[in-house]
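Student: The lines below spell out each chain.
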Amino acid sequence: MTVATIPPCCRSAPPSDEQLLTCYAEGRRDALDELFRRYRLASYRVAYRLLGHEADALDAVQEGFIKALTHLGGFQGRSSFKTWLLRVVSNAALDLGRQRGRRETLSIEGSSPRDGDGVQPLTPDLTALGLERQDLRRLLNEALATLPEVQRRTFVLHTDGELSYREVAEVMDISIGTVMSRLYYARQKLRTYLARRIQL
Amino acid sequence: MSENHGEQRPTPEHLTAYVDGELADGARRAVEHWLAGRPDEAAAIEAEQRLRQLMEAGAASEPSAAEWAMTLTRIEAGLSAGRKSVKPTARRVAGLLWAAAALAASAAAVWLVFAGNAPPVLPIDKIPHETAEVEPAFPVLLADEVDIMTMQATDTTALVVGLPPVHEPLVLAAASEITLDRVEPDVDGMMPDMRWFDGSSPPMIAVPLAPK
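Heads up: the protein sequence lines correspond to chains U and C, in order. According to numbering that gives the first Met the number 0, the first sequence is numbered sequentially starting from 0. According to numbering that gives the first Met the number 0, the second sequence is numbered sequentially starting from 0.
For the record, the hints were derived by calculation from the structure and aren't laboratory data. We treat Cβ as the ideally placed atom computed from N, Cα and C, and that holds for glycine. One or more of the hints may lead you astray.
[Claimed, not checked] Partner residues aside, some chain C positions facing chain U, computed with beta carbon under 7 Å:
#1 Leu14
#2 Arg28
#3 Leu71
#4 Ala76
[Claimed, not checked] Computed spacing ranges between beta-carbons, pair by pair:
#5 U/Glu148 - C/Arg51: 14 to 24 Å
#6 U/Asp172 - C/Ser79: 41 to 51 Å
#7 C/Gly20 - U/Pro13: 27 to 37 Å
#8 U/Arg99 - C/Ala65: 43 to 53 Å
#9 C/Glu45 - U/Pro147: 37 to 47 Å
[Unchecked claim] Chain U regions said to be covered by chain C (calculated; three or more residues, Cβ under 8 Å):
#10 27–34
#11 40–53
#12 135–147
#13 171–184
#14 187–196
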């Protein structure tokens, strides 16, 4: 009879992030798989909004995971792994954007729709706006590009990273009040920009 | 948040929390009361609430399973390469040096001429035990291969100057032992802001250039 031994750190179901990190430190590959599965989409959405380009966003996710796990000493459990990861991913995305030039990447966006994009139904509101999904993404990317970097990052971490005010504050080393204030002005600018192009 | 706004405009923080549905009942009613007589403001708030839906509808499509698998493979390869290049016990020491090397490399090409005798280099067997596990071949990276995760104020007192590749042992020198011959702009034309502080002598690690 074969008995599989499960390390104590991963016996609970589902294991916490802290337990997975312990398993990862012990060399368990499946712990990395699970951490990746949990946070890959949030990381990707944040990176995509900051870069405006799908392939670059995947590169930023890759860089972010490597750096976040390599530099776990900087994490030290002071915040959740998700906030630490999104901090590193968003830094990686902004660095990548600076290297490659955001305007250049924005011009590429929309030229290579993913499978299913053309048939994915829009919400009734979007249909009423007469927008295709690709057009909407391009429009939103253009709108986001008008924001100062700190406002854009704050807005994206909250909206696409689904981080709370407190978590965004931790990621950016600012107060919760500053997060809320940045969100207010970011939304105001986005609304003004979009209102000239579509009926919000 | 629980404030009675009356005729006073709610703060940006209150309006943000209202848009996100994060206000407690009392504060929410106060904002609603304020909005009731201001159709323009109410329309703006509604537009911002619809903006949330719009962002959701325009979110990036999830990559395919194959793209995720490829990304995970690259992450594993990157983590594995990182483990091989730097031993865990050396990572803390090397990390600071890498960060400093990146700063120097990205700021400018700096050519150095030693004004006096360089301090003696410690033989490898005389290096204190704490650093003896650092791999003999000091890793030198290009600026774009390094990401500075954090930098403490105390880190800025150490400076690594030079350009890869390194063909000779690193030497420690005080600022007074180094003469700056010239500073050249970086590839992007940026000139570093050079400051020399009177009375201070930050430790420097001089990287000998490759022989021409």
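Student: Run the structure past the numbered hints and jot down the numbers of the failing ones, going up.
Tutor: The structure conflicts with hints 2, 4, 6, 8, 9, although it agrees with all the remaining ones.
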